[in-house]
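J.: The listed protein sequences correspond, in order, to chains A and B.
The opening residue of the first sequence carries number 17 in the numbering used here; numbering runs sequentially from there.
The opening residue of the second sequence carries number 3 in the numbering used here; numbering runs sequentially from there.
Honestly, the hints are just simulated from the structure, not real lab data.
Computed from a predicted structure; not experimentally measured.
For glycine and all other residues, C-beta sits at the position ideal for the given N, C-alpha and C.
Keep in mind that a hint or two might mislead.
Stated by the list, open to error - Facing chain A, from chain B, some residues (calculated, C-beta under 8 Å):
no., residue
1, Glu13
2, Glu18
3, Val19
4, Ala20
5, Ala76
6, Ile80
7, Ala87
8, Ile106
9, Phe110
10, Leu123
11, Trp125
12, Leu127
Claimed, not checked - Derived EDC-like pairs (lysine to aspartate or glutamate); straight-line CA-CA distance at most 20 Å:
no., chain 1, residue 1, chain 2, residue 2
13, B, Lys88, A, Glu487
14, A, Lys674, B, Glu47
15, A, Lys528, B, Asp93
16, A, Lys619, B, Glu14
17, A, Lys982, A, Asp888
18, A, Lys558, A, Asp547
19, A, Lys585, A, Glu569
20, A, Lys528, B, Glu47
21, A, Lys674, B, Asp63
22, A, Lys619, A, Glu487
23, A, Lys490, A, Asp536
24, A, Lys270, A, Glu246
25, A, Lys99, A, Glu49
26, B, Lys88, A, Asp491
27, A, Lys619, A, Asp577
28, B, Lys49, B, Asp61
29, B, Lys88, A, Asp676
30, A, Lys560, A, Glu246
31, A, Lys585, A, Glu567
32, A, Lys490, B, Glu31
33, B, Lys5, B, Glu47
34, A, Lys664, A, Asp676
35, A, Lys591, A, Glu632
36, A, Lys585, A, Glu552
Claimed, not checked - Simulated DEER-style distance windows between Cβ atoms:
no., chain 1, residue 1, chain 2, residue 2, range
37, A, Ser864, B, Asp111, 44 to 50 Å
38, B, Ala92, A, Lys560, 47 to 53 Å
39, A, Arg478, B, Ala43, 32 to 38 Å
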Amino acid sequence: MQDREKSNDQLIAELATLRALVEGVPALIAAFERVDDAGKTDYRFTAFNQLYQQEFEHIFGFRPQVGLSLSQALASFPQSLSKMRAALDQAMAGDRLRTVEPLAPPATEYAPLGDARLVSGDRSSYEITYSPLREANGAITGVFLIGFNITPAQDLETAHQQTEAALRKSKGETELRVAERTAELISVNQKLQQELEERKRVEAALRVSQARFAGILEIADDAIISVNLEQQITLFNQGAERIFGYTAAEVLGKPLDILLPQSAIAAHRSHVQNFGASSGKARRMGEHALRTADERRPIFGRRKDGTEFPAEASISKLSQGGETIFTVILRDISEQKEAEETLQRLSHQNELLLNAIGEGLCGLDRQGRITFANPAALRLLGYTQEELIGSPVGLILPHTRPDGTPYPFSESPIYTSLRDGAVRQVNTEQFWRRNGSSLPVEYVSTPIWEEGEIVGAVIAFRDITERQQVERMKDEFISVVSHELRTPLTSIHGSLGMLASGLLDPTSERGKRLLQIAVDSTDRLVRLINDILDIERIESGKVKMAKEICEVEKLLTEAVDTVQAIADKAGITLKVSSCSASFYADADRIIQTLTNLLSNAIKFSPRGETVYLSAERIDSPVPPLASDANQPPRCPLCQPPYLLFTVKDQGRGIPADKLDTIFERFQQVDASDSRNNDGTGLGLAICRSIVHQHNGQIWVESTLGVGSTFYFTIPLAGKGGSLATNAPLPATADSPKGPLVLVCDDDPSTLSVLQALLEQRGYQVVTVESGAKAVEVAIARQPDVILLDMMMPEMNGWDVMANLKARPETRNVPILVCSVIPEAEAQAEVRSQKNYVGWVDKPLNSISLFQSLRSALTGHSQKLRILIIEDDVDLAEVFCTLFQHHNIETYCAHTGREAIRLSQQLNPDLLVLDLSLPDGDGFVVVEWLRQHNRLSSLPLVVYSAQDVNEEERDRLRLGQTEFLTKGRVSTQEFEHRVLDILNGITKAE
Amino acid sequence: MSKRILVVDNEEYIREVAQICLETVAGWEVLTAASGMEGIAIAIEEKPDAILLDIMMPDMDGIATFQKLQENEATRSIPVVLLTAKVQAADRRRYEALGIRAAIAKPFDPLQLASQVATALNWSL
């Protein structure tokens, strides 16, 4: 009896739980049992939830009651009755039947009772499933009806909320019903205790009831989980098993915590407790009274495998007899969340792209109205987002053609592309800015297709003001060059044509004059072509300045010698003053610059005047009083020390408005210069290019009627100052530190030139101005090599050498002599011991200097290895011979494959790479090497016929990397570069 | 009857060659000017039968010179033929629109120069 009571109590509790569940689910739920009424099959309502009851009432006009037979309930609706009966019959036969219906009678039936919603047709549709209800023994005793709302998605939320609201509203009712039910059952139980048979029957009925609800539970896709007040799981349906990965057996009786992320456990407990204490019966989880639905905090579940997933869940509670049961209905929304996140990410990315893009973008709808505009479009057009959106695109389009005729939108390529769906590209168009100014653009109009229809277009446009300016400048230049070339050509053609015609005697005065014109014009044409090519090559960097150590005095003398004849002819005196200094420059180019300036000065000076040429060394910055007449002018842009060259004339001067343009191409002061038939209009432009290539500045000061002074500067080497060169050795942070060179010379300008020159090539340099200091520093710094001047006051070079060799700590440092006295002469005089490894003559020649340095440094090192990757077998052979002379082991690879194999085997010290290889290009080889640690920092010399741009250079870099172009860089220069790099390596190892 | 023609060009050699050509081939009398300003002065003074005018000149170019000649009562009726490197179709249209009779390309054919001028001005040689 005790057992039975307990069993009944349990059944009652479970039933109550199920009941709460059934009411919590936003679905129509009903159960029927079959009755045989005088041989005629009928059905009776055995259970239904409130939603079903409401819907039924809405449609048929009255509330169904438990126990009511279907034929009675639908007596007035014969068609609905037979339809429903047929469905129930089929389910009783064991089938599961799914229908979609608005749970409404046919049109002919609902008129008298149907409500407004039915008539207006906006009633929810349900997908209704009829399932057989089986007893434990498999016998079918009834039918379940479950209907899910399949109203289109946007209505779902509303429908759901309505349902919830309805549920909440009727919660009192529910409780009442549950209480009634409970009371009923209790009374049944009491009866059971009196009558065993009765009890059995009731028990069976309860079991049936439970089975019915259990069936419903299993149908649901969502997880349905019940917990008691102790948070132990008491119910776990198939949906829950699927979602969480646990079986019901595994979790029943376990704490709910196992289904929650660690971080959420505590919070969840308190939420459940709060909820338990609250008066509410059901709520969406994560919801707070003060928050709106949008602010719902996301909730997460934890699967058996530990993974967490986002979920949507509602919780309901049922209290009965002091016991409270919470039931959670939960749905896994990971997919939905992922889709949302992907969408958000994509839209964020798109937004970033649209914002970052420099081109203006406007979206148009089919009617040509602007639907979006990116920031670039707004910036270019000067509109705000608000002003542009919704406006017709005609707002920014021109309304007239360049010739003034009207330009209707219907003739615009944008319009046609909206009409015919083809992409239109327009290279030149004017758009209109908000302020009424025009914006030259090029644009592309791309139609947007959606499901075979043109729904709009995207206009991508770009400001072409700059492009147009460049085009204009190019046109102007071509036009000027064409005029400049045609001018002498016209004279040549005209004069020779006349002479050839025989109309004129070539020996007559006129004939001779024509011949002279032809000859002069030919000269001019030649000069012009040379100058044009020259300036092009210098400015494009195709001609490299062949820099070497120069003596200022020597250059001035040479320049003067060149123009002396013209000066004499023009009756002009040349006065020269020079400082004595060495500097690093392309001597021929500096002479060319000086000659150009001198010829101009001579040309524009009246007979009998003087032209002054000077060079001085500037060591201090601009003095405070720059106007001091006794001070040479300073170049504010130049960093001392530098050399300042001055060419001063007493000619007619240059008008102030021409001072700025005089260094431009084909800019002469006035027509009467008339090129005097010897100028080309390019002389000063070339001077400027040359000076700029030396990192110097050029400018002119002039007073009309008094004269002009042209200045240019060439930076000098020295501490803080950098030598001008357009091909510096890349001194990257990761390249090995160069050998330390101690330079000893009593002339400071020699020291600074040498220092810069050596540093340029990656050497470390320390300089001293006396022999005594040299010995001191050599002991302290232990240089790798000493560069020693011979003729010094006090302690001369011989003394220094003897001193160094006498000391054990400096005995082994190689010494390179640097002297104006040839070696043989000096030796003959002194007959001293040969304490040096090499002798370099002054003035210095950088090539022999570096050659000597290299041999001094590599003299006693182990052999270096070079791998030459070159597909031309002959050329490879030449390179091999070249480097073998330097006692370097040289290997050749003729294909990329071979190169990769050999570089692994040989572990070379340097690679020489040709870019065009039979089995692919050099890029592939470098790419491979880059992926191999040991090889990725190999020094590399790319020596190829192909010019490589910056981007390609980046792809080709290994360790220290040099790019030399065959044809531009001689084999000899190439050889020196390779040796220079190896020189550094020798030191590093 | 012999014509008097003014050649305006900033290039000394071109003036000289044109002068020799026209004098030798057509027997015309040739005056020369080295700039637009000088050309206008000589045109007012000498009233030549035609002006052969260079376009690319510094300071005042051929077009500006032509317009000055048109503005001046004394020189308005003197026909002008351009001597220029710019004789593309577009350039010719521009010259025509300005009222310039013809444009002869540089470099010119020394033997044809006179007849080209004559044809442009409907002169008989």
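J.: Please go over all the hints and tell whether each is borne out by the structure.
T.: These are the hints, each one checked on the structure:
no., hint, result
1, Glu13, "5 Å, holds"
2, Glu18, "6 Å, holds"
3, Val19, "4 Å, holds"
4, Ala20, "7 Å, holds"
5, Ala76, "24 Å, violated"
6, Ile80, "22 Å, violated"
7, Ala87, "4 Å, holds"
8, Ile106, "11 Å, violated"
9, Phe110, "7 Å, holds"
10, Leu123, "20 Å, violated"
11, Trp125, "20 Å, violated"
12, Leu127, "14 Å, violated"
13, B:Lys88 x A:Glu487, "18 Å, holds"
14, A:Lys674 x B:Glu47, "32 Å, violated"
15, A:Lys528 x B:Asp93, "36 Å, violated"
16, A:Lys619 x B:Glu14, "17 Å, holds"
17, A:Lys982 x A:Asp888, "13 Å, holds"
18, A:Lys558 x A:Asp547, "14 Å, holds"
19, A:Lys585 x A:Glu569, "24 Å, violated"
20, A:Lys528 x B:Glu47, "32 Å, violated"
21, A:Lys674 x B:Asp63, "18 Å, holds"
22, A:Lys619 x A:Glu487, "35 Å, violated"
23, A:Lys490 x A:Asp536, "29 Å, violated"
24, A:Lys270 x A:Glu246, "10 Å, holds"
25, A:Lys99 x A:Glu49, "17 Å, holds"
26, B:Lys88 x A:Asp491, "13 Å, holds"
27, A:Lys619 x A:Asp577, "16 Å, holds"
28, B:Lys49 x B:Asp61, "23 Å, violated"
29, B:Lys88 x A:Asp676, "28 Å, violated"
30, A:Lys560 x A:Glu246, "88 Å, violated"
31, A:Lys585 x A:Glu567, "29 Å, violated"
32, A:Lys490 x B:Glu31, "41 Å, violated"
33, B:Lys5 x B:Glu47, "16 Å, holds"
34, A:Lys664 x A:Asp676, "18 Å, holds"
35, A:Lys591 x A:Glu632, "14 Å, holds"
36, A:Lys585 x A:Glu552, "32 Å, violated"
37, A:Ser864 x B:Asp111: 44 to 50 Å, "58 Å, violated"
38, B:Ala92 x A:Lys560: 47 to 53 Å, "41 Å, violated"
39, A:Arg478 x B:Ala43: 32 to 38 Å, "51 Å, violated"
Of the numbered hints listed earlier, those contradicted by the structure are 5, 6, 8, 10, 11, 12, 14, 15, 19, 20, 22, 23, 28, 29, 30, 31, 32, 36, 37, 38 and 39.
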